[in-house]
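Chemist: Taking the hints into account, I'd like the entire structure generated from these sequences.
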Amino acid sequence: MNQAETNARAPEGGDIWRSFKRNRTALAGVALLACFLCAAVFAGQIATRDPQKNSEASLRPPSTEFLFGTDDLGRDVFSGVVHGARVSITIGVTVALLSGLIGVLVGATAGYAGGRIDDLLMRLTELFLIPPRFFLALVVAALFGSTFSTLIVVLSVTYWPFTARLVRAEVLSIKEQSYVEAARAMGASPARILLHTILPNVLPLIITNVVLMIGGVILVEAGLEFLGLGDSRNISWGYMLHNGEHFIRDAWWVIFFPALAVSLLVLALNAVGDALNHALDPKARGAHIDKPA
Amino acid sequence: MRLRRRLISRLSGRLLIKRALQSALLILALVIINFLLIHLAPGDPVHLLAGQSGDEKYFAFIRAKFGLDRPLTTQLWIYLTSVLRGDFGYSLGYQQPVIAVITARIPATLLLMLSAVSLSSVAGVVMGVEAARRENSFIDRALNAFALLGHSVPSFSIGHLLLIVFALRLGLFPAQNMSSSQQVLTGAAYWLDVLWHLALPVATLAIVYLAQIMRLTRTAMLGVLGENFITAARAKGLAEGRVLYGHALRNALLPIVTVVGNDFGMLLSGAVLVETVFAWPGLGRLMLDALAMRDYPVLMGLFLMISMSVVVVNFVTDLSYAALDPRISYGRTRR
Chain A
1 MNQAETNARA
11 PEGGDIWRSF
21 KRNRTALAGV
31 ALLACFLCAA
41 VFAGQIATRD
51 PQKNSEASLR
61 PPSTEFLFGT
71 DDLGRDVFSG
81 VVHGARVSIT
91 IGVTVALLSG
101 LIGVLVGATA
111 GYAGGRIDDL
121 LMRLTELFLI
131 PPRFFLALVV
141 AALFGSTFST
151 LIVVLSVTYW
161 PFTARLVRAE
171 VLSIKEQSYV
181 EAARAMGASP
191 ARILLHTILP
201 NVLPLIITNV
211 VLMIGGVILV
221 EAGLEFLGLG
231 DSRNISWGYM
241 LHNGEHFIRD
251 AWWVIFFPAL
261 AVSLLVLALN
271 AVGDALNHAL
281 DPKARGAHID
291 KPA
Chain B
1 MRLRRRLISR
11 LSGRLLIKRA
21 LQSALLILAL
31 VIINFLLIHL
41 APGDPVHLLA
51 GQSGDEKYFA
61 FIRAKFGLDR
71 PLTTQLWIYL
81 TSVLRGDFGY
91 SLGYQQPVIA
101 VITARIPATL
111 LLMLSAVSLS
121 SVAGVVMGVE
131 AARRENSFID
141 RALNAFALLG
151 HSVPSFSIGH
161 LLLIVFALRL
171 GLFPAQNMSS
181 SQQVLTGAAY
191 WLDVLWHLAL
201 PVATLAIVYL
211 AQIMRLTRTA
221 MLGVLGENFI
231 TAARAKGLAE
241 GRVLYGHALR
251 NALLPIVTVV
261 GNDFGMLLSG
271 AVLVETVFAW
281 PGLGRLMLDA
291 LAMRDYPVLM
301 GLFLMISMSV
311 VVVNFVTDLS
321 YAALDPRISY
331 GRTRR
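If you read the protein sequences in the order shown, they are chains A and B.
Going by the numbering used here, 85 is the number at position 85 of the first sequence; the sequence numbering is gapless.
Going by the numbering used here, 228 is the number at position 228 of the second sequence; the sequence numbering is gapless.
Since the hints were derived computationally from the structure, they do not count as laboratory data.
Yeah, the Cβ is synthetic: ideal placement off N, Cα and C, and Gly gets one too.
One should not assume that every hint holds.
Quick list of the computed label-pair ranges, beta carbon to beta carbon [what the hints assert, rightly or not]:
id, chain 1, residue 1, chain 2, residue 2, range
1, A, Ala113, B, Val122, 37 to 47 angstroms
2, A, Arg18, B, Phe229, 26 to 36 angstroms
3, A, Arg184, B, Ile99, 49 to 59 angstroms
4, A, Gly145, B, Leu28, 22 to 32 angstroms
Facing chain A, a subset of chain B residues (Cβ under 8 angstroms, in silico) [claimed, not checked]:
id, residue
5, Ile33
6, Leu37
7, His160
8, Leu299
Modeler: Shown next, in the form of structure tokens:
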């Protein structure tokens, strides 16, 4: 890759924001994300009914009393949807940050060190890419018990290789740049060069990657819960879909609203991620989003 | 000249052997991962190797068979050799060897996946090419919005939607299973019945894959359309259709095949989720039943076989490059 190309791939923060601002889909995505974040943070204030509390009012259709209706045990679907945002966002963000961190560490080290270390780390990355993520998470959840911490660990372990590959490729091209050479000539240590000179230039790419990853993780988590492998201590969208499937014939609202919530949240994340990608690299024209479930 | 050709053929033959060896090593690693999972999981590994429902006598037999009182390395060796001999254990729930339980379900899943992949490949490629041809037009935006939606809605929710509308409300298609249970059908009537049951699950899965393939085709086409040889083909006066579908698509096909081949595990997980919605009697249904019955030998066997198939499909994808890209050849010399 020549220098002109690499420069084109790392525009200034201002350029990214300007290009992002023009994209109306992305702005709508940001607004939607803000709504979901509010729902997650202020769940107790927005939905005052306890989402786990059973009541006599079983399978009631949506009404002014029960905005999204109730499920078979009389639990309020609206409360479940609002509180479920907490579970999805917590797991999605935690996994994306954890695996992003591992990926950056491995990718940056491999790309900067090169040689044998690079070889070794890349073989390791490939090894982690083979077992299909969804099935690995499923088996681990079945064997070790499906608590949030198990899910977070197993998903983080399976998602980092993507970030590692991306970061490595980017570091490989940036480390040949003249300003990196200048820093080296001035006697900066490798750690300092990586942290202060190279990483700031890779950061936009990492952020885009992490945003797109959150959506993927939320879908996988919902898929596992849908199959009945959930943490039963908290109500989640996937659990509501799992439970509501039995009433699909007579009570569409029990699965409709949680399904809508997952779809809208992931849609918003993908739209924002796409726009970031486009702003970073106009030539890419829509990167490959990974859809696991 | 002949010497050079022989040299190239030998080199690429070596490359082929190298890739095959790498795949074999990966499969070995997968078996070891499986072994480690069984031993790291809380509880007695005998339950994972035998299943929950056995009695003490059976547990003793399994303990002896897998050498559970011997050192871990010996156990790993026993486990490895039995898996490589094709012994994936025995399912008490089905009263059959695990391998027989699994292989009995493969045709149903394969039928579902192959139908969906072929449908969505044709439609997705055409949609991707047309979107790329009119970049930023209304059609392009609409197709992109559709792809974004297809990426964001969970596959089982797409299934639920089709199920509610076309099976429960309109009653056009059956909601569950692979064939009608009321009457015994044979021959053509049986296959028509299966096809009728196949419609909704295939449509669901095809929508999921379609979004992926359409997006990839569009990106790949946009990359290729700027190349000199396209300008040259146009300058020669070739019809635009031939330029797009003849010249450009042939070159854009490579990245598409790569991703479809490399994402085989993802395609399979989509199929598993869709199967559970329509009670399609394939691997997904089997996995769900194994989870519910805590039939661990079947569950672990499924995981192992699915991961192995991913390695094999990746290997085949690498080989299919040779057929598609004239610049790469593995062993065969092009005439």
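Chemist: Please go over all the hints and tell whether each is borne out by the structure.
Modeler: Hints versus structure:
Distance hint check for A:Ala113 and B:Val122: the Cβ-Cβ separation is about 46 angstroms, which falls inside the suggested range of 37 to 47 angstroms. For A:Arg18 and B:Phe229, the hinted distance range of 26 to 36 angstroms is satisfied, since their beta carbons lie about 35 angstroms from each other. The hinted window of 49 to 59 angstroms between A:Arg184 and B:Ile99 holds, with their beta carbons roughly 57 angstroms apart. Between A:Gly145 and B:Leu28 the CB atoms are about 28 angstroms apart, so this pair conforms to the stated range of 22 to 32 angstroms.
With its C-beta approaching chain A no nearer than about 6 angstroms, B:Ile33 sits inside the 8 angstroms limit, and its interface hint holds. For B:Leu37, the interface hint holds, since its Cβ comes within 8 angstroms of a Cβ in chain A; the closest pair sits about 6 angstroms apart. With a cut of 8 angstroms, the hint placing B:His160 at the interface with chain A holds, because the nearest CB-to-CB distance is about 6 angstroms. Checking B:Leu299 against chain A by beta carbon gives a least distance of about 6 angstroms; that is within 8 angstroms, so the hint holds.
This entry satisfies every hint, going by the numbered hints stated previously.
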